[in-house]
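Peer 1: The primary structure of each chain is shown beneath.
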Amino acid sequence: MMSCDKLKEPYFTEPIVQQSDTIALTAADTLNFDGKIVVLLEDYTGVRCVNCPAAAELAASLQTQYGEHLVVLGVHPKTSYQNPAGGFPDFRTDDGNEWNSFFNVSAYPTGMVNRQSAIGTATWATEVDNLIGNDAPVRLIIKSEYDDATRELKLSIHSKFLQNVASDDVRLTVCMMENNIVGLQLTPNGADENYVHRHVFRGTADGLTWGRTLDTEAESIAAGRNFITNMKFTVNEDYNADEFYIVAMISDNNTKQVLMTAEKKIK
Amino acid sequence: MKKSLLILAVILCATTLYGQDFLNKSKVSGSFQLDGNYYWEDNGIGITEDKINGEKFGAYGFGKLQYQLGDFSAGMRFEAYQTTPMSGFDARVKGMGVANFFATYDNGTIGVTVGDIYDQFGNGLIFRTYEEWTLGFDNSLRGIRAVFRPCNGVTLKGIYGKQRYYWVSYEEERGLVRGVDGEWDINNSIEALNDAKLKATLGASFVSKYESEPTMEYNGNIYQLPQNVGAYAGRMNLGYGRFGLSAEYARKINDPSFFNNWIYRDGQELLASLSYSQKGLGVVLQAKRVDNMSFKSMRTARQNDLDIGFIPPINYTHTHSLPSMFAYATQPLGEMGVQFQVNYTIPKKTALGGKYGTKLAFNYSQVNDIKRDSIMVDGVNTLNMMGTKGYTSPFFAIGDKMFYRDFNFEIEKKISAKWHLTLMYINLYYDMETIEGHPGAEAVKAHFAFGEAIYKINRKHSVRLELQHMWDNVGKNQEVDPLYEEYYVKRGNWMAFLLEYTIAPKWFVSVADKYNYGNPIADNRDHYFTGSVGYIKDQTRIALSGGRQSQGLVCVGGVCREVPASSGVSITITTSF
Numbered sequence: 001m002m003s004c005d006k007l008k009e010p011y012f013t014e015p016i017v018q019q020s021d022t023i024a025l026t027a028a029d030t031l032n033f034d035g036k037i038v039v040l041l042e043d044y045t046g047v048r049c050v051n052c053p054a055a056a057e058l059a060a061s062l063q064t065q066y067g068e069h070l071v072v073l074g075v076h077p078k079t080s081y082q083n084p085a086g087g088f089p090d091f092r093t094d095d096g097n098e099w100n101s102f103f104n105v106s107a108y109p110t111g112m113v114n115r116q117s118a119i120g121t122a123t124w125a126t127e128v129d130n131l132i133g134n135d136a137p138v139r140l141i142i143k144s145e146y147d148d149a150t151r152e153l154k155l156s157i158h159s160k161f162l163q164n165v166a167s168d169d170v171r172l173t174v175c176m177m178e179n180n181i182v183g184l185q186l187t188p189n190g191a192d193e194n195y196v197h198r199h200v201f202r203g204t205a206d207g208l209t210w211g212r213t214l215d216t217e218a219e220s221i222a223a224g225r226n227f228i229t230n231m232k233f234t235v236n237e238d239y240n241a242d243e244f245y246i247v248a249m250i251s252d253n254n255t256k257q258v259l260m261t262a263e264k265k266i267k
Numbered sequence: 001m002k003k004s005l006l007i008l009a010v011i012l013c014a015t016t017l018y019g020q021d022f023l024n025k026s027k028v029s030g031s032f033q034l035d036g037n038y039y040w041e042d043n044g045i046g047i048t049e050d051k052i053n054g055e056k057f058g059a060y061g062f063g064k065l066q067y068q069l070g071d072f073s074a075g076m077r078f079e080a081y082q083t084t085p086m087s088g089f090d091a092r093v094k095g096m097g098v099a100n101f102f103a104t105y106d107n108g109t110i111g112v113t114v115g116d117i118y119d120q121f122g123n124g125l126i127f128r129t130y131e132e133w134t135l136g137f138d139n140s141l142r143g144i145r146a147v148f149r150p151c152n153g154v155t156l157k158g159i160y161g162k163q164r165y166y167w168v169s170y171e172e173e174r175g176l177v178r179g180v181d182g183e184w185d186i187n188n189s190i191e192a193l194n195d196a197k198l199k200a201t202l203g204a205s206f207v208s209k210y211e212s213e214p215t216m217e218y219n220g221n222i223y224q225l226p227q228n229v230g231a232y233a234g235r236m237n238l239g240y241g242r243f244g245l246s247a248e249y250a251r252k253i254n255d256p257s258f259f260n261n262w263i264y265r266d267g268q269e270l271l272a273s274l275s276y277s278q279k280g281l282g283v284v285l286q287a288k289r290v291d292n293m294s295f296k297s298m299r300t301a302r303q304n305d306l307d308i309g310f311i312p313p314i315n316y317t318h319t320h321s322l323p324s325m326f327a328y329a330t331q332p333l334g335e336m337g338v339q340f341q342v343n344y345t346i347p348k349k350t351a352l353g354g355k356y357g358t359k360l361a362f363n364y365s366q367v368n369d370i371k372r373d374s375i376m377v378d379g380v381n382t383l384n385m386m387g388t389k390g391y392t393s394p395f396f397a398i399g400d401k402m403f404y405r406d407f408n409f410e411i412e413k414k415i416s417a418k419w420h421l422t423l424m425y426i427n428l429y430y431d432m433e434t435i436e437g438h439p440g441a442e443a444v445k446a447h448f449a450f451g452e453a454i455y456k457i458n459r460k461h462s463v464r465l466e467l468q469h470m471w472d473n474v475g476k477n478q479e480v481d482p483l484y485e486e487y488y489v490k491r492g493n494w495m496a497f498l499l500e501y502t503i504a505p506k507w508f509v510s511v512a513d514k515y516n517y518g519n520p521i522a523d524n525r526d527h528y529f530t531g532s533v534g535y536i537k538d539q540t541r542i543a544l545s546g547g548r549q550s551q552g553l554v555c556v557g558g559v560c561r562e563v564p565a566s567s568g569v570s571i572t573i574t575t576s577f
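Chains as they are written, first to last, in our numbering: chain B, 1 to 267; chain L, 1 to 577.
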């Protein structure tokens, strides 16, 4: 019946990451931070999308231009453009698919800069450029320790607020990203089996698609507040640890807009 | 305020439309009530200045106005609750304003109401909105109701809206309630069956609530939540000659809430009643089973807040001052009960009946918990555990824990033109632990005797004397653990009297005392003296009383609120026109 949501067990999901200890910041961590915003460019893409490789090229060139101030995340939702049938790699994730439906992305490639709005490739550069150089509202630093033998990854994400953020739901989303995966991709010149897929989003590390609320009680986050989020988990055998990254973002969940992003290669 | 102006505008429009008819055909009615209390310190019963907290005066009033013109009616209720800690009202009822308003057009075939709706489907198991002044309870639905009666005996109803939550704005978080109900009175609808001996009415309803949050995080776990919770019910009323049989069964899908400790088990409820009546004899047998049926339009609601469904009590309602201190509150999470009631009048001019006849009444009711069996998941007992189905419960198995049992017997006899006598015996079992939420409290196993004599001095003057005694299982010498003293405030033996003098039809004056002489705690062996005087003229009643009020529960329809002990004077004025 339409107005009966009969649920199935299990009714709850336990955290997929474990508690962990804090990995302290070092002097170098804070000194390297220049006080400027790091912008997130999400590239909604697909292995069967002929025009997508060009968008990936564009993202790569922007990253060359802006360096550490731009983080790129290639999101593969679950439409026919990402269907792995026929030897294509399967980069689809539930999280990516939920983002895709929430932001109503229906054409590929589509991009989003700090989740302001879904835009075509023609305006990517302008939107990124508009934000670059702004002061960072949060100093966001990812600390990690990776054990090659056990594949255990420990994370400490330090979020220090430098400005007041007037939102009662400020969240931290922790994403896994794998770079440089060789696999089949449709291109304007046909299928390319040696294509290098960059910045592939592998899902959120803690299973929280929209992140975790930093302070559930507060009406806003005041400048000066500091949050340390720790977790540990085992990196999936299928992922190449040598090309594995953690991307963290701080967002206002009411508007979904991203305030600050950070990226960390685990090895 | 804007909304009441809107109603006024509607009324004014009606005026211009109907012109001269307005004065002749429209009808305005209303009622007012004002309750005022003035509290004072009374160290004898522990009413200290701290407890009163400077709020010595409590006043509660409402005014109801209703306007009717042909098929159109509109009305509003203004409320003002100036509560104090002593009044025992939930602090959230404090406030004033136009609490309710409505406008209805109903031509007999089609009816539409907008505004605040009071209605119920069947016995109210899955939908009942009502207002109870003495409890400070109001769960009215602000929205729209449509009623359609396509032919004789068939009524279809639809409702949609949000419930009243004290004075919290309707914009604030709480669910939407939507429902439909159909009732078919077969005899009324089929002409050939109009006079059939077998009378039958069938009904069915469906109610769904919507809340927007699909998940909830608690202790790091992510809980799925149903945004739409549906409940449905079917009912029938059969009558055959002097026999009547009625039953209603309701079911509700997974509805995890604060109240049920976030379990996902379906809820169900059955209410059945069999009756027989003839001149001088009435017999009623009722049974009820309730399993996880708290149905509220906000998952995090507590106590009596935002109830969509109603659980009818099937217990005798005691009105005498001693037994009414131990009234039963229905248990939405689970209860099984039966009630058997016989009323018999020994006819006039028989040996036992005497000149005027003798009325006898017997009532037995008992309510137990339901039986709950654990569900083992991977070797873990998940009984009532958050985020699980909670338990299984065999439908016909009765739980070991008894919540309430009452059997009472009453004889009422007019002895002569001047004398009228009533005698009553009550045997009560009251599980204080469950009903009052006092973990570990000893159950009350008490006997009560009640006697009342009315002597008519002449046509206008009469005297009434009431005597009561309660024998409690907690004796005067019982040792009381100092940590649990609050569980014993009304325990031990009591005696009470009331003497009332009435000058019909306008005046009455009474004095009364309740004396907890057998309380195990010497400090609690208090008298609760009260004196009252009342005046009635036409539709207006004024009552003034003063003295002590003992701690107790005020219950209406199984819904209760706790009233603390207090001392002071109170005035009640009611009037209607």
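If you're looking for bench data, these hints aren't it; they were derived computationally from the structure.
Take these hints with a grain of salt, some might be off.
[Stated by the list, open to error] As a list, the in silico SDA-like pairs of lysine to any residue whose alpha-carbon atoms are at most 25 Å apart:
no., chain 1, residue 1, chain 2, residue 2
1, L, K456, L, A522
2, L, K288, L, N368
3, B, K6, L, L193
4, B, K6, L, Y249
[Stated by the list, open to error] Computed footprint of chain B on chain L; a stretch qualifies when at least three of its residues, placed anywhere within it, have a C-beta under 8 Å from a C-beta of chain B:
no., stretch
5, 217 to 224
6, 268 to 278
7, 306 to 318
[Said to hold, decoys possible] To give an idea of the chain B side of the interface with chain L (calculated C-beta under 10 Å), a few residues:
no., residue
8, C4
9, L7
10, R115
11, S117
12, T216
13, S220
For each residue, glycine too, the CB sits at the ideal point set by N, CA and C.
Peer 1: All hints, please: hold or fail.
Peer 2: The hints, checked one at a time:
1. K456(L) / A522(L): At roughly 40 Å apart (the allowed maximum being 25 Å), A522(L) and K456(L) break the hint.
2. K288(L) / N368(L): holds, 10 Å
3. K6(B) / L193(L): violated, 41 Å
4. K6(B) / Y249(L): With Cα atoms ~20 Å apart, K6(B) and Y249(L) stay inside 25 Å; holds.
5. 217 to 224: holds (count 6)
6. 268 to 278: violated (count 0)
7. 306 to 318: violated (count 0)
8. C4: holds, 3 Å
9. L7: holds, 5 Å
10. R115: violated, 20 Å
11. S117: For S117(B), the interface hint is violated, since the closest Cβ of chain L sits about 23 Å away, which is over 10 Å.
12. T216: holds, 8 Å
13. S220: Constraint on S220(B) not satisfied, violated at 19 Å.
Going through the hint list in order, the structure does not satisfy hints 1, 3, 6, 7, 10, 11, 13.
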